[in-house]
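Participant: So the chains spell out like this:
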Amino acid sequence: MAAPASTSTVDLVARFPDSVTADARPGFSGFIVKKENLVEVATALRDEFSFDLLSSVTGVDYLAENKMEVVYHLHRTTGGPGLVIKTQVDRVDPVEVPSLINVWAGADFQEREAWDLMGIKFVGHPDLRRILMWEGFEGHPLRKDYKEAFYEEDVKPYKSRWPEGNHTYAEFKNPYRDNVKLPEGFSLDNYQPQTEDQLYFSLEKSSIKHEGDRGQELGDHMVVNMGPHHPSTHGVLRVAVELNGETITSLKPVMGYLHRNHDKIGERNTFLQIMPYTDRLDYFNSMANNFGYAVTVEKLMKIPVAERAEYIRVIMAELSRIQNHLVFIGMLINDLGSMYTPSLYAFEERELILDIFEAVSGARMMCNYFRFGGVVRDIPEDVMQKIKDLVHERLPAKTDEMERFLNENEVLVARLKGVHVLNAEEAIHHSVTGPCLRAAGVPYDLRRADPYSVYDRFDFDVAVRYNGDMYDNYLIRFDEIRQSLRILEQALKQIPGGPINSQKPQYQVRVPAGEAYGRVESPKGELAYYVVSNGKPNPYRYHVRAPSFVNLTAVETMCKGVKIADFVALLAMLDIVMGEVDR
Amino acid sequence: MYGKGILKGLGVTLNRFFETYLDDISWWMRGKKRYYTQEGIAHRASKDARGIFTVQYPEEQLIQPEEFRYVPFLVYDEGAEGKKEVRCTSCGICAKVCPPQCIWIVRTNDPNTGKPVPEPKDFYIDMDICMNCGFCAEYCPFDAIKMDHDFAIASYDRNVYNLEKLLKPASYYAEIRPLNYNKEEEARKAKEAAKAAKAEASASAAAPAA
Numbered sequence: 001m002a003a004p005a006s007t008s009t010v011d012l013v014a015r016f017p018d019s020v021t022a023d024a025r026p027g028f029s030g031f032i033v034k035k036e037n038l039v040e041v042a043t044a045l046r047d048e049f050s051f052d053l054l055s056s057v058t059g060v061d062y063l064a065e066n067k068m069e070v071v072y073h074l075h076r077t078t079g080g081p082g083l084v085i086k087t088q089v090d091r092v093d094p095v096e097v098p099s100l101i102n103v104w105a106g107a108d109f110q111e112r113e114a115w116d117l118m119g120i121k122f123v124g125h126p127d128l129r130r131i132l133m134w135e136g137f138e139g140h141p142l143r144k145d146y147k148e149a150f151y152e153e154d155v156k157p158y159k160s161r162w163p164e165g166n167h168t169y170a171e172f173k174n175p176y177r178d179n180v181k182l183p184e185g186f187s188l189d190n191y192q193p194q195t196e197d198q199l200y201f202s203l204e205k206s207s208i209k210h211e212g213d214r215g216q217e218l219g220d221h222m223v224v225n226m227g228p229h230h231p232s233t234h235g236v237l238r239v240a241v242e243l244n245g246e247t248i249t250s251l252k253p254v255m256g257y258l259h260r261n262h263d264k265i266g267e268r269n270t271f272l273q274i275m276p277y278t279d280r281l282d283y284f285n286s287m288a289n290n291f292g293y294a295v296t297v298e299k300l301m302k303i304p305v306a307e308r309a310e311y312i313r314v315i316m317a318e319l320s321r322i323q324n325h326l327v328f329i330g331m332l333i334n335d336l337g338s339m340y341t342p343s344l345y346a347f348e349e350r351e352l353i354l355d356i357f358e359a360v361s362g363a364r365m366m367c368n369y370f371r372f373g374g375v376v377r378d379i380p381e382d383v384m385q386k387i388k389d390l391v392h393e394r395l396p397a398k399t400d401e402m403e404r405f406l407n408e409n410e411v412l413v414a415r416l417k418g419v420h421v422l423n424a425e426e427a428i429h430h431s432v433t434g435p436c437l438r439a440a441g442v443p444y445d446l447r448r449a450d451p452y453s454v455y456d457r458f459d460f461d462v463a464v465r466y467n468g469d470m471y472d473n474y475l476i477r478f479d480e481i482r483q484s485l486r487i488l489e490q491a492l493k494q495i496p497g498g499p500i501n502s503q504k505p506q507y508q509v510r511v512p513a514g515e516a517y518g519r520v521e522s523p524k525g526e527l528a529y530y531v532v533s534n535g536k537p538n539p540y541r542y543h544v545r546a547p548s549f550v551n552l553t554a555v556e557t558m559c560k561g562v563k564i565a566d567f568v569a570l571l572a573m574l575d576i577v578m579g580e581v582d583r
Numbered sequence: 001m002y003g004k005g006i007l008k009g010l011g012v013t014l015n016r017f018f019e020t021y022l023d024d025i026s027w028w029m030r031g032k033k034r035y036y037t038q039e040g041i042a043h044r045a046s047k048d049a050r051g052i053f054t055v056q057y058p059e060e061q062l063i064q065p066e067e068f069r070y071v072p073f074l075v076y077d078e079g080a081e082g083k084k085e086v087r088c089t090s091c092g093i094c095a096k097v098c099p100p101q102c103i104w105i106v107r108t109n110d111p112n113t114g115k116p117v118p119e120p121k122d123f124y125i126d127m128d129i130c131m132n133c134g135f136c137a138e139y140c141p142f143d144a145i146k147m148d149h150d151f152a153i154a155s156y157d158r159n160v161y162n163l164e165k166l167l168k169p170a171s172y173y174a175e176i177r178p179l180n181y182n183k184e185e186e187a188r189k190a191k192e193a194a195k196a197a198k199a200e201a202s203a204s205a206a207a208p209a210a
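Chains as they are written, first to last, in the numbering used here: chain A, 1 to 583; chain B, 1 to 210.
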């Protein structure tokens, strides 16, 4: 069991007696910082206390107390427990909090998200536009007094389903009737989106921005919109790229095309009901998503996990990592222009891993396999044999074959070698986690840095490479596959017998009031959940810190000054999945 | 030598190409069919598969594991004279646990007393909203709702299933999930035996007093 993030290591109150108080609410931890001193405290935390990685920024709307809270989770890339700082402001519009973008650039998208969904204005943020909701959207959906379209009740289960549940179609509840707020005088027919201009304005050398004075000399810059339907953007991501000839001078990703407000859905659901929804975040790794959510809620509930289930979880998470990285390699080659053959080779091995997921959980991708305290069902004997065969025979051989197939390919090497992705400083500054950070020479892997589950019992190395170029980013996935196989071999040997859940199966779990921040090393980076419970069957606040979304913060830094042809490959390096970016 | 890496890679693909046909030939030599047979499909989905292992859907179908889950159905036991004894007691647990809230149950009330009767009057599942998570089957205390294996339900209009369409016999359930079915039957028999033993014990305990 991972130790709960302790804050006793840092005595922030002694350092800032005037502006910091400890959070004394039962079940809560961390420090409450006055908003006037936030930047000062944050800078000190980064420089004096070496909390160099800003893990997550999010808000909580305490409607009853008439407060809005911004929660920051900080970590050290050298490992160890994290630190939570919070700022509370009165819930009176405009809710204003100083932006931390100058302390950690990784705050960029996360602050924009908090503005978009919670309506918290980050003063000093240079580009505070909506990020997930569409242009012209009125209101902030994660506020507790917001009612969405098709709104029925605040929490599930809905009363209309039983005992008098006569079915009605959701679409009959007209979204335009009374639960969607539209701007005054809104008419769909003559609606003109304003934010398109804002987007182009945010590009560095935008001719709109520099009209008159330097417009002339910057005149040959061209804006290209890549996506939202572009085969290289891995889903519905749109990127406005500003070009000087073929060189990228500035770019801004536009997202939200797949947005479904996972956080709000989560707050409507009971704790258990969220589990299948987490499958749909990073749909390649539903096992890893389940893992993160289960770890978080178990932290809140303070329950142990059955010993056998811990091993099953590790086995599933590592198999998931292998298939994710295989697909990454395949799709990267696809993006580089070699259509299909390598990616289908990768998909073949993935197929076999998905067969295992299907046999244990019932579904290939939407596994919904974890429960609080364990997993749904045991691994059957024949499936266990299948896993052993894969881990001991097939996957090592096929990884070798994949390397033989691609690694020395001159075209591939020419495209990848020496093209800079991120160096360590840039990566940490932009809160990039996962293989991209490790390829830049930072051995930060949560399985080692802040071990959860039973990862502290296995002997494995944190894959790390030092050049930070595309070729290293590519090779590190092979390293990680090999390390995962090492973990799997040990897990399969050590797995004990016994029950697979420490709890009785129950559909309504009791979760005591408090907050928890649980994080796991998903194949894409640090996947974390922030859950606030008030003792009711539904979480009060549920937030997902999605690695793809946060990693995308660095895309502008990565791509500035490179040719547009490399942009596609650089984007592939981040290994984003839109289900997770847009949530 | 420049181009060595490419040639090496091409060697891998060439190897795959031959492996496909080598497997075909070796199966043919052994007098077995590699295509359109269960054995052949199972082999192509195993760790020993070499070369191309495409499955020609819909002529061929991958073998579904027992735990495979698609939309739910309601189980009924076949009573005397083809009477459908619905296992569901309309307790509403499935409707409460359903994450997208796609289950709607109408409870029957006794016309004379007005008290609820343990059999649903109607049962709707909006299959277009169902996310196939399997919670309803997992938490049903009566083994009355189970996940199906039949995934080919595409249609031109909305799929809202009512009680009639949801009901499938227990024999069908036993066919698609034999291991689970046997486990549950055993548990039920053990429970009934324990109940009978208890009743007997209490009867024999009561007998001398009378």
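Simulated from the structure, these hints should not be mistaken for lab results.
One thing to keep in mind: the hints can contain errors.
Once the Cα atoms are required to be at most 20 angstroms apart in a straight line, the calculated EDC-like pairs of lysine to aspartate or glutamate come out as [claimed, not checked]:
(1) B:4 to A:403
(2) B:165 to B:128
(3) B:47 to A:381
(4) A:34 to A:90
(5) B:47 to A:351
(6) B:47 to A:348
(7) B:47 to A:48
(8) B:8 to A:403
(9) B:4 to A:148
(10) A:252 to A:426
(11) B:165 to B:175
(12) B:84 to B:122
(13) A:386 to B:66
(14) B:47 to A:410
The model shown is predicted, which means the values in this text are computed figures rather than measured ones.
Participant: Now, for every hint given, state plainly whether the structure supports it.
Facilitator: Each hint, compared with the structure:
Distance hint between residue 4 of chain B and residue 403 of chain A is fulfilled; the C-alpha atoms sit about 14 angstroms from each other, no more than 20 angstroms. This hinted pair checks out: residue 165 of chain B and residue 128 of chain B have alpha carbons roughly 15 angstroms apart, not beyond 20 angstroms. Distance restraint check for residue 47 of chain B and residue 381 of chain A: the Cα-Cα separation of roughly 16 angstroms lies within the 20 angstroms cut-off, and the hinted pair is therefore satisfied. This hinted pair checks out: residue 34 of chain A and residue 90 of chain A have alpha carbons roughly 12 angstroms apart, not beyond 20 angstroms.
The straight-line distance between the Cα atoms of residue 47 of chain B and residue 351 of chain A is roughly 11 angstroms, inside the 20 angstroms bound, and the hint therefore holds. For the hint pairing residue 47 of chain B with residue 348 of chain A, the CA-to-CA distance comes to about 10 angstroms; that is within 20 angstroms, so the pair holds. Of the pairs offered as hints, the one joining residue 47 of chain B and residue 48 of chain A is violated, with about 53 angstroms between alpha carbons and a cut-off of 20 angstroms exceeded. Distance restraint check for residue 8 of chain B and residue 403 of chain A: the Cα-Cα separation of roughly 10 angstroms lies within the 20 angstroms cut-off, and the hinted pair is therefore satisfied.
A hinted pair counts as satisfied when its Cα atoms are at most 20 angstroms apart, and residue 4 of chain B with residue 148 of chain A does not qualify at roughly 60 angstroms. In summary, the hint linking residue 252 of chain A to residue 426 of chain A is supported, as the alpha carbons are separated by about 17 angstroms, within the 20 angstroms threshold. A C-alpha spacing of about 19 angstroms is found between residue 165 of chain B and residue 175 of chain B, which places the hinted pair at or below 20 angstroms, so the restraint holds. Distance check on the hinted pair: residue 84 of chain B and residue 122 of chain B sit about 14 angstroms apart at the alpha-carbon level, within 20 angstroms; holds.
With a C-alpha separation of about 15 angstroms, the suggested pairing of residue 386 of chain A with residue 66 of chain B holds against the 20 angstroms cut-off. Under the criterion of a C-alpha separation no larger than 20 angstroms, the hint pairing residue 47 of chain B with residue 410 of chain A is inconsistent with the structure, at around 31 angstroms.
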